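Let the hints inform the model, and build the full structure from the sequences given.
4 protein chains.
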Amino acid sequence: MARTMITGGKAVLPTGAQQVDILIENEKIAGIGQASSLAQTDNWIDAKGQIVLPGLIDMHVHFLDRFMGTISLHDFFTGTRAAACGGVTTIIDFANQKKGGSLADAIEHKRSEADGHVVIDYGLHAEITDPTPAVMKEVRSIIKAGVPSFKVYTIYEGMMVDDGALLALFEQTSRGGGLVIVHAENNFIADRLRREYLREGKTGAMYHALSKPNIVEAEAIGRIAYLAGHLKAPFYIVHMSTREGRQIMQHCRHKGQAAFAETCTHYLCLTDSVYRRRDGINYIISPPLRKQEDIEALWEGLHEGTISVVSTDDASFSVESKRMGKDSFDKVPNGMAGVELRLPVMFSEGVLKRGLSLERMVELTSTNPARLFGLFPQKGVIQVGSDADLVILDPQKKVKLGMKTTHMVTDFCSLEGLRVTGYPVMTLSRGKVIVENGKFVGRQGEGRFLHRKIDFNAIRNVR
Amino acid sequence: MARTMITGGKAVLPTGAQQVDILIENEKIAGIGQASSLAQTDNWIDAKGQIVLPGLIDMHVHFLDRFMGTISLHDFFTGTRAAACGGVTTIIDFANQKKGGSLADAIEHKRSEADGHVVIDYGLHAEITDPTPAVMKEVRSIIKAGVPSFKVYTIYEGMMVDDGALLALFEQTSRGGGLVIVHAENNFIADRLRREYLREGKTGAMYHALSKPNIVEAEAIGRIAYLAGHLKAPFYIVHMSTREGRQIMQHCRHKGQAAFAETCTHYLCLTDSVYRRRDGINYIISPPLRKQEDIEALWEGLHEGTISVVSTDDASFSVESKRMGKDSFDKVPNGMAGVELRLPVMFSEGVLKRGLSLERMVELTSTNPARLFGLFPQKGVIQVGSDADLVILDPQKKVKLGMKTTHMVTDFCSLEGLRVTGYPVMTLSRGKVIVENGKFVGRQGEGRFLHRKIDFNAIRNVR
Amino acid sequence: MARTMITGGKAVLPTGAQQVDILIENEKIAGIGQASSLAQTDNWIDAKGQIVLPGLIDMHVHFLDRFMGTISLHDFFTGTRAAACGGVTTIIDFANQKKGGSLADAIEHKRSEADGHVVIDYGLHAEITDPTPAVMKEVRSIIKAGVPSFKVYTIYEGMMVDDGALLALFEQTSRGGGLVIVHAENNFIADRLRREYLREGKTGAMYHALSKPNIVEAEAIGRIAYLAGHLKAPFYIVHMSTREGRQIMQHCRHKGQAAFAETCTHYLCLTDSVYRRRDGINYIISPPLRKQEDIEALWEGLHEGTISVVSTDDASFSVESKRMGKDSFDKVPNGMAGVELRLPVMFSEGVLKRGLSLERMVELTSTNPARLFGLFPQKGVIQVGSDADLVILDPQKKVKLGMKTTHMVTDFCSLEGLRVTGYPVMTLSRGKVIVENGKFVGRQGEGRFLHRKIDFNAIRNVR
Amino acid sequence: MARTMITGGKAVLPTGAQQVDILIENEKIAGIGQASSLAQTDNWIDAKGQIVLPGLIDMHVHFLDRFMGTISLHDFFTGTRAAACGGVTTIIDFANQKKGGSLADAIEHKRSEADGHVVIDYGLHAEITDPTPAVMKEVRSIIKAGVPSFKVYTIYEGMMVDDGALLALFEQTSRGGGLVIVHAENNFIADRLRREYLREGKTGAMYHALSKPNIVEAEAIGRIAYLAGHLKAPFYIVHMSTREGRQIMQHCRHKGQAAFAETCTHYLCLTDSVYRRRDGINYIISPPLRKQEDIEALWEGLHEGTISVVSTDDASFSVESKRMGKDSFDKVPNGMAGVELRLPVMFSEGVLKRGLSLERMVELTSTNPARLFGLFPQKGVIQVGSDADLVILDPQKKVKLGMKTTHMVTDFCSLEGLRVTGYPVMTLSRGKVIVENGKFVGRQGEGRFLHRKIDFNAIRNVR
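These protein sequence lines are chains Z, G, X and R, in that order. For the first sequence, our numbering begins at 1 and goes up steadily by one. For the second sequence, our numbering begins at 464 and goes up steadily by one. For the third sequence, our numbering begins at 927 and goes up steadily by one. For the fourth sequence, our numbering begins at 1390 and goes up steadily by one.
What the hints contain is simulated information worked out from the structure, not anything from laboratory work. Certain hints may be false.
To be verified - The calculated BS3-like cross-link candidates involving lysine-lysine, where the alpha carbons are at most 27 angstroms apart (straight line), are:
#	chain 1	residue 1	chain 2	residue 2
1	Z	K232	R	K1644
2	G	K863	G	K902
3	G	K695	R	K1644
4	Z	K232	G	K754
5	X	K1063	Z	K255
6	X	K1063	R	K1591
What the hints assert, rightly or not - Among chain Z residues calculated to face chain R with C-beta under 10 angstroms, some are:
#	residue
7	T15
8	I29
9	Q250
10	K255
11	G305
On a predicted model such as this, the values are computed, not experimentally measured, just so you know. Glycine included, every Cβ here is placed at the ideal spot set by N, Cα and C.
Structure follows, in structure tokens:
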């Protein structure tokens, strides 16, 4: 029985960071203590001067994503490989329902694209784009089958669900143990503004942002919160970008609502000024990048606990595909790659610059997504019995982010040139080293599909 | 110069009811005091033992209304005649925009139907059903032309405006001095439920109510309040029917928002139990009748000032037209006649039974609509210089409401059999007696179109 | 029967300012209208170009006040004379209970000082300084005897009432129809700070202000509101001076509490910077003058309706008596004269400079105190049947306030040198001219004691 | 080097209860994992079928307490012995300042009573009863000396601090890293009611409760929260007993205030109906026992996180001393013994009957007091490196609480006859077994004084 000991590192345990050794056995964490108090082993990993974290979870990635007539550059192999290099040991992607199709088919299809290719464990959200009565009836069986989270859009004609469908879905999930995750934008406001700008010949990248002012997101979040609250259904807002959003979430939490939000790496670093650049269209995402005061509000939300998760929304469209919209912002496929960049940004910008505690960083990137999406305590924590998904961070290592240093298969890096201090140097997936010193040493297909189950009582305490 | 003196009555002045005489001259109130302190006259109206009120204003009537393929029984002559018999001296109707048409045309058309027919003064709201960019540009000139209120629906495919249009409209009205008045129901929730019931073969009148649960109204009000608040635009919710609505309005008022609501006579008297009756379809209106606890909440709202107006939403569809929907609730033209019934109900049910003060009744039915819709102080108050629109109420007179006593040209009375104490016995329009002892003695066409102008500062104090 | 007609003026009626004539007969307003519509008379007052207001009410004056070993300069003749010259036609003073004494005795005593001396009508508040069980039992009979308002202090050893007494008092007034009016300062915080400053030898006038920071007032108001709310007892905070106070009042109003506040002329004009002047001790009052942002907040409160009354707290201590505290701020008798200054300040600073409407100014200085303290509609309004207490304001007249222009018998004017536009030129008390062009022409002792009765329903609408 | 292994038990780790073995070495927890993954040892404790918890902390006990002329039965030996038998491994008592004395002296004196006698580790709160300027200056040095929590009373003449002193204290603690813990009752309200009852001859035990209605506690908590919030000072309310208190704490938490509250075992089990019993005076404590709806609210507060701690307020006055007040409730020394009863009550009534999670029970009784009072992670958690303070609970063991089963040296048990399921069967203090099967096997004087240090960032997350 092979054992591995990680020694000398500062491990971020649930009660705080601590100088402690970790014994791994059979893919699990088998013991925590000083090495002398643990069973013997010949296989040692020296983490002296390093920080040992639970492997990160990215619950928001789009691999092999088809959108606006193009497809993302990341597939399940290259996407998870880049993720692993960024310290991520679990991703959750989306199984997109086809028009008239079932969720079960969508899941089966997506699994067929992922299984055998992923290098780390993964789960799936069911994405509902055609909320027929049949699909509503299917929801509870899908939850029982290990896919208890349901993504919907309140924007994009043809994909969006209306308030009636949303309410019907909340009814199913609130009773069945599911979590609805929502891309929250008001379709009608954005649509009217978009048409207005195009009518006036205003087609540049900046008009993408102007056609989606903060209220487009804020109104949608408020409405979702109201409908969910009516049925006491938990909900989760993806890629929240605005200060107004944070205020609404504060209000929900104060009332005791099971209301959760994530933001993404780029909303914490970049403002909409990039849309004025020559390559502005490369930054077109939805919701758009915002103002500095939104950035500040989002960091505040992370500190105070009204935003519980940071993910990446990795959607790796090529520069070429982006150029489909060079004459009209509405023709640009929305999305940017980023799955590898989260840990260095959160550590360097969050922990070092903004006083985020190491413990809070771990909650935001690993423990909270594990809790919210039904992976805890298998994932998301350094605890005896948990999967030995671990990442070792060198807190001194300085890296300039960008195309030269990334493992993402993309031709554009949104954070090109950003200098960070602190970088992952080793990633273990279920006890096995898969990245070492920036080099992927794992094997394609060794990741497994995760059957998830959400504990409604436990998620209430997530902040 | 003809003068008329109303003597011996208890007049409801702005500061309270008072035993005082009123001198009328040139269509206006010329003096208030004891007759001995006023100029002499030969023309006396004895109001001993009676109550003298400012003539009622009904800002929500649908005369000559075309809806679901039928037309209302009331035209501008019969409708205003019934109104006058019920103590109403001003009505405001709706100029419905045609698809692609202008608001100016709609107003001109509606005026052509009303002028020469109305027996009392009247105004018009512009009703926007096709919010094209051209119409948005027209809004401010319409305001200047004396039609400063704009009706929109958030429900009914083909008539409704979406959130984008609503926001665009608020932008115009908030800057131009207009007031948006909204039929607030969430189209998508109601629609999904309606289709669900019909799919299940549930077609009776009660399913009309069940397909529009309280949240259908409440969500819409909350959303409208949010959008209006974003632009600091005043708004007015018509025919509010739910306790949730009242709570939202409370919340808006607490934040200092210029948020107003009306309810209607029938929402204060009738519950949805009527839908179980054999003639249940005759009561189909939107929003539907609610529960007793909603009734209680509405009365509370009237007391506390979160609901500022009681109107009738008179839409006099015949029993025959109602029967178009005898096999399917969604085929019933929504609406009930009621323009004549408001004063006796408010006095008997409100003042006598529920402790509403006489002064508050006058505010709700006359002063507040005058203030909110730009008619004050020409209308809505007994004050020197105001139009001598007056109604004399006999507080002892007992009447059983219903087809036998009404002047409405309808074949169904929603309050059939309700016994009231207190009834209007005389109505004066600009100093001229037009109803006496329940008999219309005025002349067709003597009413005038009213050019209105809303004072944004003054409406803030309306409660 | 003598009649007087005031013609040509713009009268501030309950529904707004209007060009209208007013007929006076038998001390009352007998008719309102154009003169031609009113009864004939030979006695005309020409108010062309002037504004006619209901006479002001000052519910907060201290005449013949004994405090800290000295006595105010104003007695009931000189005080009410100065008041009348400032457009005031009613004052309410305080009947101070003696230790162990009854309220009835206090009232009788104060009436003996006032009757025969006052030149305008007056009322009394009962001031409780020794809340024995006997006094608590007396409260309801005092209410019935026409003194329904009770002043208490939460500061000043020997005069203050503690929370237990306050609660006991609220119990009596809430049931009996009384209104508790509170000087709200936290005795213990102010006392500790005062002792600390004195111990450190900090004795100058500024330390008076520093020993009473905003929280001293704010905590007390919050506590009073909580205790009153517990028993649903209306309460009224005198001389509110802080932005925090306004916030608490907003909160109370939002919850529907019958919570009222006044501020005083000087808190709207002066900051604590005066305490750094050589004559700083002359400005020592309690609460102390505050910062500019408090001034702004108070004006906001007046606009929005969380502060309902502006009074003067006239306490005319001589410069000599003030100098008792020249070496120690705690030895200065607290108070400043001001009974004459309110109308010009409110018109010039409020209406002309800060956009207060004329109507709101009348509410704050006349109608609201009349309503709150049980004098309405006898006082506080221009309405048929009301007392002909009227003041005529020349909106063009420019005056430099100060010792040269005042009728107050004081040797120090807190607003010395302030230039105002708009000044009262005539005052009528019950139909009789008592001030004309700045000259008092009335007679000592013609004022009457007012029996008051508070209407709990009506005060709820006061803003 | 002696090692001990606790095997086979379900340990409540920070992430949840888990079947795991615990290795103890040098008084600390040295390893967590399955025994086979840990270092070898000969010393085994079999916890099969049992639950292993971090030792409980009771931050509210009064040993050797002098109050109202009597002294508690528990001294530091008998008190801590009973505590240990109840699963408690740390207590915090109070060092009462003498009039005019210093806090340092009070601490020294209390340590002289405790050191050499305590059988478990202990800490002290400094209790301020005479808040002189000198004492305020002393506060920060006391914090640095390891006593960072300060108890004050807002009631009891001679001991209480007023609002001025409270504010001064908050200023010191907020800057110096201290936590103020408050016995929150409004002295003046209680005092007035007490005198009123006694005057009326109402002297029975029930009048103790009636003289302290809920508002006595609620007003005080609200005021403390306001003053603390003004200076952003954390505060902690001891023995909170009312539903109103919970609401205020909710409000504070919503605003992000560092506001904490504890309740005690008896407030969760007993109502004021006991005061009607013949032995009613034995239950006299302050605040008094309340109503069933308060009990329900307190349990809700424990669930939702607005109440963070359950303690006992052990004050073991003899039945004889209680009888000093047999003729007058105000002569009864307030207090009841209870230090041993908390764990069985919380497990049986909380976990088994009310669905409290095992993890939440541990937070309330151990982890949270450790965090709030600066003992974490040395105490309050099962984690490598923490003190091996552990208690083993037999979840099946049934016990009838009362004089027969308790180790408390008292002659009255407030929970006499209460049948519980689940009872502590072994207690380890720093790795050494001190209670085994209900028998104390430790040694007097082996407990140590704990120097504490509060982390202001960390306590913010305590719920």
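Here is what the structure says about each hint:
At roughly 23 angstroms between alpha-carbon atoms, K232 (chain Z) and K1644 (chain R) fall within 27 angstroms of each other, so this suggested pair holds. Restraint check for K863 (chain G) and K902 (chain G): the C-alpha separation of about 17 angstroms stays at or below 27 angstroms, so the hint holds. Restraint check for K695 (chain G) and K1644 (chain R): satisfied, since their Cα atoms lie roughly 26 angstroms apart, inside the 27 angstroms limit. Restraint check for K232 (chain Z) and K754 (chain G): satisfied, since their Cα atoms lie roughly 22 angstroms apart, inside the 27 angstroms limit.
Pair hint K1063 (chain X) plus K255 (chain Z) does not hold up; C-alpha atoms about 44 angstroms apart against a cutoff of 27 angstroms. Distance restraint check for K1063 (chain X) and K1591 (chain R): the Cα-Cα separation of roughly 20 angstroms lies within the 27 angstroms cut-off, and the hinted pair is therefore satisfied. Taken as an interface hint, T15 (chain Z) checks out: its beta carbon lies about 5 angstroms from the nearest beta carbon of chain R, inside 10 angstroms. Given hint, I29 (chain Z) at the interface with chain R, holds; its Cβ is 8 angstroms from that chain's nearest Cβ, closer than 10 angstroms.
A hinted interface residue such as Q250 (chain Z) counts as satisfied when its beta carbon comes closer than 10 angstroms to some beta carbon of chain R; here the least separation is about 9 angstroms, so the hint holds. For the restraint placing K255 (chain Z) at the interface with chain R, the shortest Cβ-Cβ distance is roughly 9 angstroms, inside the 10 angstroms limit, so the hint holds. Because the beta carbon of G305 (chain Z) sits about 8 angstroms from the nearest beta carbon in chain R, less than 10 angstroms, this interface hint is met.
Checked against the numbered hints above, the structure breaks only hint 5 and satisfies the rest.
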